[in-house]
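**Student:** These are the residues of each chain, in order.
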Amino acid sequence: MKKLLSLSAVLALALAACSGATATPTAPAATTGATAAATTGATTAALPYISIVSKGFQHQFWQAVKKGATDEGAKEGATVNFIGPNTESDVQPQLDMLSAELAKKPAALCFAALDSKAAGPTLQKFADAKIPVIAFDSGVDSTIPLTTVATDNIAAAALAADKMGDKLGGKGKVGVIIHDQTSRTGIDRAKGFVDEMKLKYPNITIIGPQYGGGDLAKSADLAKSMLAANPDITGFFGGNEGSIGGVLNAVTELHLDQTKLTIIGYDSGQKQIDAINSGLEFGAVQQNPIGIGAKCVVEAMLAIKGQTTFDKVVDTGFLWADKTTINNADVQAVLYK
Amino acid sequence: MPAGRSSAVIRADFFQRFLAFGALIVLILFFQAWCILIGTNFLTFENFVNILVATAVVGIMALGETFVVITGGIDLSVGTVMTISMVMTAVAITSQHLPVPVGILVGVLTGGLMGLANGVLIARLRIAPFIATLGILNVARGLSLVITQTRPIYFPDNPEFQSGVMGNVLGIKVSGEFGIPIIAIIMFAAAVIAAFVLGKTALGRYTFALGSNEEAARLSGVNVANWKILVYVVCGLFAGLAGVLSAARLGSAQPATGFGYELAAISAVVIGGTSLSGGEGTITGTIIGAFIVYVLTYGLQFVNVAQEWQIVVTGVVLIAAVYIDNLRRRQRA
Numbered sequence: 000m001k002k003l004l005s006l007s008a009v010l011a012l013a014l015a016a017c018s019g020a021t022a023t024p025t026a027p028a029a030t031t032g033a034t035a036a037a038t039t040g041a042t043t044a045a046l047p048y049i050s051i052v053s054k055g056f057q058h059q060f061w062q063a064v065k066k067g068a069t070d071e072g073a074k075e076g077a078t079v080n081f082i083g084p085n086t087e088s089d090v091q092p093q094l095d096m097l098s099a100e101l102a103k104k105p106a107a108l109c110f111a112a113l114d115s116k117a118a119g120p121t122l123q124k125f126a127d128a129k130i131p132v133i134a135f136d137s138g139v140d141s142t143i144p145l146t147t148v149a150t151d152n153i154a155a156a157a158l159a160a161d162k163m164g165d166k167l168g169g170k171g172k173v174g175v176i177i178h179d180q181t182s183r184t185g186i187d188r189a190k191g192f193v194d195e196m197k198l199k200y201p202n203i204t205i206i207g208p209q210y211g212g213g214d215l216a217k218s219a220d221l222a223k224s225m226l227a228a229n230p231d232i233t234g235f236f237g238g239n240e241g242s243i244g245g246v247l248n249a250v251t252e253l254h255l256d257q258t259k260l261t262i263i264g265y266d267s268g269q270k271q272i273d274a275i276n277s278g279l280e281f282g283a284v285q286q287n288p289i290g291i292g293a294k295c296v297v298e299a300m301l302a303i304k305g306q307t308t309f310d311k312v313v314d315t316g317f318l319w320a321d322k323t324t325i326n327n328a329d330v331q332a333v334l335y336k
Numbered sequence: 000m001p002a003g004r005s006s007a008v009i010r011a012d013f014f015q016r017f018l019a020f021g022a023l024i025v026l027i028l029f030f031q032a033w034c035i036l037i038g039t040n041f042l043t044f045e046n047f048v049n050i051l052v053a054t055a056v057v058g059i060m061a062l063g064e065t066f067v068v069i070t071g072g073i074d075l076s077v078g079t080v081m082t083i084s085m086v087m088t089a090v091a092i093t094s095q096h097l098p099v100p101v102g103i104l105v106g107v108l109t110g111g112l113m114g115l116a117n118g119v120l121i122a123r124l125r126i127a128p129f130i131a132t133l134g135i136l137n138v139a140r141g142l143s144l145v146i147t148q149t150r151p152i153y154f155p156d157n158p159e160f161q162s163g164v165m166g167n168v169l170g171i172k173v174s175g176e177f178g179i180p181i182i183a184i185i186m187f188a189a190a191v192i193a194a195f196v197l198g199k200t201a202l203g204r205y206t207f208a209l210g211s212n213e214e215a216a217r218l219s220g221v222n223v224a225n226w227k228i229l230v231y232v233v234c235g236l237f238a239g240l241a242g243v244l245s246a247a248r249l250g251s252a253q254p255a256t257g258f259g260y261e262l263a264a265i266s267a268v269v270i271g272g273t274s275l276s277g278g279e280g281t282i283t284g285t286i287i288g289a290f291i292v293y294v295l296t297y298g299l300q301f302v303n304v305a306q307e308w309q310i311v312v313t314g315v316v317l318i319a320a321v322y323i324d325n326l327r328r329r330q331r332a
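Residue numbers (numbering that gives the first Met the number 0), protein chains in the order written: chain A, 0 to 336; chain B, 0 to 332.
Honestly, the hints are just simulated from the structure, not real lab data. This structure is a prediction, so every number in the text was calculated from the model and none was measured. Just so you know, even glycine gets a beta-carbon here, dropped at the ideal spot from N, CA and C. Be careful, since some hints might not be right.
[To be verified] Not everything, but these chain B residues come out facing chain A in the computed CB check (under 8 Å):
1) N46
2) R125
3) T149
4) P151
5) E176
6) P180
7) L249
8) G250
9) S251
10) Q253
11) A255
12) Q300
13) N303
[As the list claims (entries may be wrong)] In the BS3-like style, the derived pairs of lysine-lysine whose C-alpha atoms are separated by at most 30 Å in a straight line are:
14) A:K116 <-> A:K223
15) B:K172 <-> A:K104
16) A:K104 <-> A:K166
17) A:K116 <-> B:K172
18) B:K172 <-> A:K129
19) B:K172 <-> A:K124
20) A:K259 <-> A:K199
Whole structure, please, built from the sequences with the hints as guidance.
**Tutor:** This is the structure in structure tokens:
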């Protein structure tokens, strides 16, 4: 019995320690009429509770989305809870997260699906409970979401192709490394870059795209093998933070002459920012993760207030960052480290 | 005097046996108290069902792992063996157009086959369980990606597979849309079978014998290698069943998932009081251990604890549980 008590004491201690560190400063579970107990004598005007179930939470990109969402929530008077699985292959844990959020009876859900079809039945329960759903990032392949808040990745990757073609003077060989061929973002970025290149710069040869899972080491290996097979490569495009990071590692490790290579990336992170400043990387397309988070909450609040018709897509835009523009205020606002 | 002493021993044993169960109850009451403080309710039927569903897959995996851990071994491959079983079920149903029950059998047997590989590596080739199963972990993980060409396989033409696992028992709704999920009944049925095998069969007896003193078992004429192989096959079969259920839940085979599940399963086994040094353990303990892991995961999310801290707490609870279990053992010794 004593041990039972000591176990519960350890538990209580551990939990109390983290209660000081709960994500939201305001009353955490401001659920709207979750239970009879919650509604009786609830004198405080409960803020609408918005659940955001993301594809991850550890990457800096997701932390920037989270910041945008929580800041916007504070501004608009909503309690925002941002969560996501540990890795982007955790399809099942993401469903458990959705179920737990549904049990809190949120006023709205913002959702970036790891697998739209797998999430279908759970998402249907949100629809049945008349909880508005806003999709973001990769979006959700379903009719349930009212709108999708995302970057137009095809247009953004096409901009990268334009910059590349222009810099190379319309000729040369470009290696393309993308994170995967299954997610919407991976498909769109590969397509956007390759199609634009073929259309506008037909004399540029494209090597790839090859897929490195957004993993630094794997993407570096891909870049090295491309270079081994094609020593005359003049440019590289990396489709996300990990892919381009791998290219940068490969080029540094092989001690290549960086003046002969045009490297263009996607998103930011300290490594890319440093590489752009040092001249190793020519530039990178910047999504607006803070804007994605903020827009999610804006759209969710409109839905909570009763708006029923939405645009199919809310484009959060993108910017070009190179040595000359990286210190501009508008670019600085979307960079993350 | 002797009678009094023995009843005290029985009483102490009672408390020890229900230590894990007590901890689970304390944990649930703790979350309920927290929920009352923030004006909500933890003890709802919906939460109960969500926790059951979340626990089922890893819970079943942990059943098989219990056998292996009692022999003093470890199986790190259960997570990705689950994945390849999920993939093989999907392949059977979709590209081979086999009926769903056959697909289920293919999935479970795939798990058994991977278990056989583990067993042969360990018992015949004398490779340490940690290394052998680490190898099979990667083999299964890689093969899952190869077979699926890294893409998920969906089976939209077999909705009965998903509803048959995720639906409510007898279609009865207990509260709102929620009933007792069939997947939970499958988990409890699997636990009953596991408890029977461990407690009432020769395999169960040899599982404990291998863990308590393998040399003594060998000297008394037990075919140690064959029984050990069988234990790993059993573990693989449970991982295979977990894969089938996971496939049903997701309506698809997800080739990149599963890695890391083995740690949740091993946590459940250890929190449930099974000793990593072998020779001791119960199925009831494992199931309770699995619930402790998932009540904790679900509860922390339900009360909105920041995710970074959720991970920290999970680690602390694992260590605390094992430490207290050690105290119990030392006291009894």
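**Student:** Out of the numbered hints, which ones does the structure contradict?
**Tutor:** 2, 6, 14 and 16
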